[in-house]
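Whole structure, please, built from the sequences with the hints as guidance.
Number of protein chains: 2
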Amino acid sequence: MHGNWKREKKEELVFNRQQEIIQACERLYAAMEYEEINIKEIAKSTSICRSSIYNYYKTKDEIFLDILRKEYFCWLEDLKEEMKRDKEGSRESYCRILAESAARHPRLLELISFHYVTIEKNCSLEKLTDFKKGMLPFWNGIRESLREYFPEAPQEKKEHFLLVFLSLLQGIYTMTNLSEKQLAAMKQADGDYENPRFVPSLQQALYTLSKELL
Amino acid sequence: MHGNWKREKKEELVFNRQQEIIQACERLYAAMEYEEINIKEIAKSTSICRSSIYNYYKTKDEIFLDILRKEYFCWLEDLKEEMKRDKEGSRESYCRILAESAARHPRLLELISFHYVTIEKNCSLEKLTDFKKGMLPFWNGIRESLREYFPEAPQEKKEHFLLVFLSLLQGIYTMTNLSEKQLAAMKQADGDYENPRFVPSLQQALYTLSKELL
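In the order they appear, the protein sequences are chains A and B. For the first sequence, the working numbering puts the final residue at 320, and the numbers step up evenly by one. For the second sequence, the working numbering puts the final residue at 320, and the numbers step up evenly by one.
Simulated from the structure, these hints should not be mistaken for lab results. Accuracy of the hints is not assured; some may be wrong.
[Claimed, not checked] DSS-like cross-link-like pairs, simulated, lysine-lysine; straight-line CA separation at most 30 angstroms:
| id | chain 1 | residue 1 | chain 2 | residue 2 |
| --- | --- | --- | --- | --- |
| 1 | B | Lys227 | A | Lys150 |
| 2 | A | Lys264 | B | Lys317 |
| 3 | B | Lys227 | A | Lys164 |
| 4 | B | Lys150 | A | Lys227 |
| 5 | A | Lys227 | B | Lys227 |
| 6 | A | Lys287 | B | Lys238 |
Predicted, not measured: the structure shown is a model, and the values here were computed from it.
Right, here's the structure in full:
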């Protein structure tokens, strides 16, 4: 009994410390660029010293991986709420809800755009495996929504839709959310250039793609 | 006359120097990770000293932007060749050619995945504007292929297809080309996990999406 109690206490401490570190990193990310953030800066805005942070996270990307997981689940909750409220239950309303809800989570979209190429690269196998395990309920939540809206769709088509949907999230976001410099360069190169908008571009693509699910 | 000749000589020198720097950076990128490359390393494998490199490129990403442009045009040439050889001229063959030709340019696909979020961010407005101007013939080449295969498609639909196609290139590539560590983590989290393949996933998505163009 005593051993259990001690272990629980220790787990609680680890959890609380991790939460403090995650929140500090989130605060920094709200004010700074991803590139400027490092463990030293993060330590400064917590009560934990820099060397102790390494007991919980070996790299800043391991912290970002935890932020990413939070963001994915936050979006899933939002999605579920919207779907509950959806009276229509149509293919069109499904694609609209997917696109509009994603747009309400710009931090998630930003992180997704370097999730696979940067964040995952700089994490240990152990942290990455934990992340992938922790993400299974997220994927199952999305699969559940696909089952509800497209009860007849074959499994294989639904998995393809999922892959393409996530690909579009990162691709369309990076191509529609240009910085001022990127926009200025485009305008100077092509006076007629108009920046496409995220929600309608994504929604239209999803609507066409979801034909596979009928 | 004399002034012209001097200017031409100078332009030739600048061009040759830039080519030397680009080629050195390409050689390094074939052997090293993007993150490990810096101007110091690049200078070491050219005949140009580090401080002179800054006369041509202010950051390594300005060099990568030139590599990216080369890669885009290299792919366009490949695409045009394949289309010339295409007897079918169908929607299906168009999507197959797009997906298969892209897969033959893995360096392009890799660079595209951090083109907007990293490379463009670290370039001057001047370099970025030059890049965007230089890319116009590439976009027009792709637009021409769309006109050939889908002569009836409205302009707006073709532009949407282009945006979605480029988004899918980066997204599907990063989600299907996992590192060994990423694959191991996925397998440990979900024993049934099978990594989707780039060409069939992209080809199928393009085929469904190109319905918009009919």
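Against the structure, test the hints numbered earlier, and report the numbers of the ones violated in rising order.
The structure conflicts with no hint, since it agrees with every one listed earlier.
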